[in-house]
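Colleague: Residues per chain, in single letters:
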Amino acid sequence: MDKKRPGGELASRPLHFFWIADCSGSMGVDGKIQSLNNAIREAIPEMRATASENPNAQVLMRAIRFSSGAQWHISQPTPVEEFKWEDLEADGVTDMGKAFSLLAEQLTIPPMEERALPPVLVLVSDGQPSDDYFSGLKKIDELPWGIKAVRLSIAIGEDADHDVLKKFMGRYAEEVGPLQANNPSDLKNYVKWVSTEVVKTASSPPSADLEKESEPESIITNVPILLPPGRYEGPDAADDVW
Amino acid sequence: MEFSQKAGSGKYQPSWGMLGETVCGASHLRNNRTNQDALKWLPAPGGSSCAVMSASDGHGSARHFRSNIGAQLAVDVASAALIEFMETHRETENLSVIKGMAEEKVAPMLHRRWKAAVNGHLAKNPFTEEELTLLQKSSADLTDKFFKDSASAYGCTLLSVLVTPTYALLLQLGDGDILTVTEQGEVQRPLPDDARLFAEETTSLSMQEAWREFRICFQALSRRYPALFLITTDGYINSFPSDDDFCKVGCDILNMFRENGLEDIRNNLPIWLKEASHMGSGDDVTLGIVFRKDIVHNNQIETEGS
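Line by line, the protein sequences give chains P and F. So for the first sequence, this note's numbering puts the first residue at 126; every next one is plus one. So for the second sequence, this note's numbering puts the first residue at 71; every next one is plus one.
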């Protein structure tokens, strides 16, 4: 392979992964926020291992926290190999819409690359939005990468608003639906699932044919996600704390 | 059978050569999957004054489980249909008439013939229990949809180039790229952009009205002939961080033809494409090249076949 090949530099395709975490006061009750911190932190080694199996995708991590307002918890796209999780703290209300607006700013092209793999957006919440979430969500839904992203949600406890989570999930609402975590074990399993299986699928998706917008019943996600094991088995009631 | 040159008689007419390669993607190799791309070129009637080349990219998802076969059928159908189109209109002097016929007739013809080829293959090779079980595992909902339109199992894209002494016809359904390179090394995309081809979604021959989704460019050729036509599947462009990095392929290959000659490119093409997939997208990568023979170093003349 002595000959210089044609074209410029070669590069793997970026896969942007966003945690969107509810840090409202209620997340401080019954250890929910700490369970989330633990689950994300504990999933990192397996996420790295999953990412390393596919050198053709570069997994880049970011995180948003929202309570009274929304801020970047990890603002720069961070290679999963360098990704560290600083603990979130719970306090305030549930300004989910502001988090959506913040996210939408980063889903435009640029800064997103047109050649990127479909980004993964994971919303974790235990309650109902306290602001105008819909206007924030609309900003995401108006963006090509917002529409085409893999959009998943984890509902913590029985007070999580499934209707809102489904609206966030868009095309994935029917295929996957919100993942209901009623105890720390559920949460850990779902965080691990999105950190490994979803990353694995999203980093090497096959092509799919475009469906006609006039045939909504035939809308199929561009990155088909298989449901996590045990998704419909239900939690052990004895373990339910949320 | 000589192509009858009506317009531009007595003027310079280039001879065209063709070469290309398709390689299985690095991620497909890791997962024990086969190459879903296909590439075909044929010596067209009229000898080297004409060229026909097609590439296709099978979708490769669970519900497109025969897309590698669909891709091969697509390039077979397109090669034959474009030669037939050229022959049908070889006595036509008015390029506007040919342009009109190309824009009106070719896409429906390609779609119709591809569906016929798929149905023929399916009749001889019914879906196996194993194929249907795998489909069922991927999604029960998909299975219901699938049985309404079993051609989706063969879903794929199609990119074709037909070059004659008087015109070039470029057709594209779905993702991938058709580039032209001028003698000066300027790389152009003659076909209009399709903003919907994004995030692993593409138009497909398996769509019900796929013929409506073709992008077509008819170029009258006289005096300014492109030096190269390049056809690539999307695994190639996705291996570069920017469009500029990808388009550089065009002018680099032109320079390689001029400086190193045909054999050098032919020998290295598989290596380059494997390297692109390995260090880039991981997808199958296909590159087809239609080149003007007079640009080749030492005027190497060869007759190629796919």
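These aren't lab readings, by the way, just hints derived from the structure by calculation. Treat the hints loosely; a few may be bogus.
As the list claims (entries may be wrong) - Partial list, computed: chain F residues near chain P (C-beta under 10 angstroms):
hint, residue
1, G128
2, N195
3, D245
4, K318
What the hints assert, rightly or not - Straight-line distance between alpha carbons at most 25 angstroms, and here's what the computed SDA-like set of lysine to any residue pairs gives:
hint, chain 1, residue 1, chain 2, residue 2
5, P, K129, F, D313
6, P, K209, P, H198
7, P, K129, F, K318
Stated by the list, open to error - For each label pair, taking beta carbons as the anchor points, the in silico distance ranges come out as:
hint, chain 1, residue 1, chain 2, residue 2, range
8, F, D313, P, I169, 29 to 37 angstroms
9, P, D257, F, G255, 29 to 37 angstroms
10, P, T203, F, T158, 58 to 66 angstroms
11, F, N195, P, S177, 34 to 42 angstroms
12, P, S177, F, G117, 46 to 54 angstroms
13, P, E322, F, K363, 46 to 54 angstroms
14, F, R182, P, V218, 53 to 61 angstroms
15, F, G331, P, E211, 29 to 37 angstroms
16, F, L192, P, V366, 19 to 27 angstroms
17, F, A186, P, S310, 49 to 57 angstroms
The C-beta atom is built at its ideal place from N, Cα and C for all residues, glycine as well.
Colleague: For this structure, which hints from the list above don't hold up?
Modeller: 2, 9, 15 and 16
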